[in-house]
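There are 2 protein chains.
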Amino acid sequence: MQIDIGKNIEDMSMQIIEKEIGKHQYTGSEWAIVKRVIHTTADFDFAKKNKIIFHQTAIQNGINALKIGCELVVDVNGVIGGLHKKNLIDFKVNVICNISNTMVRDKAKKYNKTISQMSMRESIMHMNDGIIAIGNAPTALIEVVKMCNEKVIKPKLIVGIPVGFISATESKEMLRKSKVPFITNAGRKGGSACAAAIINALFRLMM
Amino acid sequence: MQIDIGKNIEDMSMQIIEKEIGKHQYTGSEWAIVKRVIHTTADFDFAKKNKIIFHQTAIQNGINALKIGCELVVDVNGVIGGLHKKNLIDFKVNVICNISNTMVRDKAKKYNKTISQMSMRESIMHMNDGIIAIGNAPTALIEVVKMCNEKVIKPKLIVGIPVGFISATESKEMLRKSKVPFITNAGRKGGSACAAAIINALFRLMM
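Chains as they are written, first to last, in the working numbering: chain A, 1 to 207; chain B, 1 to 207.
Here are the computed lysine-lysine pairs in the PhoX-like style, where the Cα-Cα straight-line distance is at most 25 Å:
| # | chain 1 | residue 1 | chain 2 | residue 2 |
| --- | --- | --- | --- | --- |
| 1 | A | Lys110 | B | Lys85 |
| 2 | B | Lys113 | A | Lys85 |
| 3 | A | Lys154 | A | Lys92 |
| 4 | B | Lys107 | A | Lys85 |
| 5 | A | Lys7 | B | Lys146 |
| 6 | B | Lys85 | A | Lys109 |
| 7 | B | Lys109 | A | Lys7 |
| 8 | B | Lys23 | B | Lys51 |
| 9 | B | Lys49 | B | Lys179 |
| 10 | B | Lys110 | A | Lys7 |
| 11 | A | Lys154 | A | Lys179 |
| 12 | B | Lys48 | A | Lys51 |
| 13 | B | Lys51 | A | Lys48 |
| 14 | B | Lys48 | A | Lys48 |
| 15 | A | Lys113 | B | Lys85 |
| 16 | B | Lys7 | A | Lys107 |
| 17 | A | Lys86 | B | Lys107 |
| 18 | B | Lys7 | A | Lys109 |
| 19 | A | Lys7 | A | Lys92 |
| 20 | B | Lys109 | A | Lys85 |
| 21 | A | Lys107 | B | Lys85 |
| 22 | B | Lys86 | A | Lys107 |
| 23 | A | Lys7 | B | Lys107 |
| 24 | A | Lys86 | B | Lys109 |
| 25 | B | Lys49 | B | Lys23 |
| 26 | A | Lys113 | B | Lys86 |
| 27 | A | Lys110 | B | Lys86 |
| 28 | B | Lys110 | A | Lys86 |
| 29 | B | Lys113 | A | Lys7 |
| 30 | A | Lys110 | B | Lys7 |
| 31 | A | Lys85 | B | Lys110 |
| 32 | B | Lys85 | A | Lys85 |
| 33 | B | Lys7 | A | Lys146 |
| 34 | A | Lys109 | B | Lys86 |
| 35 | A | Lys113 | B | Lys7 |
| 36 | B | Lys113 | A | Lys86 |
Selected chain B positions facing chain A (Cβ under 7 Å, derived; list incomplete):
| # | residue |
| --- | --- |
| 37 | Met12 |
| 38 | Ile16 |
| 39 | Ala42 |
| 40 | Val163 |
If you are wondering where the hints come from, they were derived from the structure by calculation, not from laboratory data. This one's a predicted model, so the numbers in the text were calculated from it and none came from an experiment. Positions of the beta carbon are idealized from the N, C-alpha and C atoms, including for glycine.
Based on the sequences and whatever the hints tell you, model everything.
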């Protein structure tokens, strides 16, 4: 019999997480997402109450959007690296990342913005009814929340889990206060692997 | 005056890390690397004594290899996503990642190995005098340590910081016991962003 060793390792890892965490405060589908972030980071901090925070329609919105092959705008290539490619192909989800676009770099310099901010502005036409996943740059998250508040864009979901010491915590607070469906976390932690894990978990939830 | 906001944010982040961590047990060049891992993860755990572990010639070996444009074999695309592309271009460092190679997937199935293991075997010809950076798969790290122990390959440095619940800790212990110069950590934590941060820090150290 052919065994998928990789799959086996993943299943065993999830069992260890379940066992060591024990009781938690998340709902079933929330926990499926939180568990995948922990699997990606080996950081049990994410299991604490209200460490990962879900807007009430976020999970369903995310699933519905992915199911019909929405566009997915990400802030850095690291998020793309962590995404399960087969899901993207199967559901015809197009991923957009403008961070390495040289034109974006030139514009950022010209307008005295961060490259991350400018790359979000450059991706505007892909954001309506799409998903935006920010794993690295707080300034990228602040920019998209501003665009939502100004009604420039209307995404179905923002996954906002940038990491860092300057503005990361604040950018996530801004996201929580906005009216756009979100999945985010409290505090400085996060990262592109976390953002990718959340998207991967949403795909799983629809299967 | 034109200000590089991104650079400014990074400098301020580093100052916060310095201030909040205070005293630590690392040497100057070790700390430059550890600090960059903390900057990437916002996880102060990495500052603890012996959390990140350095073979005595690892840093110098890594710098020397990158300086002359060595090859860099990585286990997942997420590591590539986190690397500063300008450094790679400036120093003509060629990055190899075979994880998405369909031939590797077929071979892994045939020989009942993980895709990560097989992708390392597939990259053998790039490993001598090169750097290997593993941020995701313990099985990839185990495979390269085995190849070193069997004298099949002789890399200048292995950065082994895979994350996970099955074999991650053990794979890093194996690496520490081998004779190849290494940078690794103790425990389950790690990730592709950490592996990339270490390589980025090595580039910085040579400037």
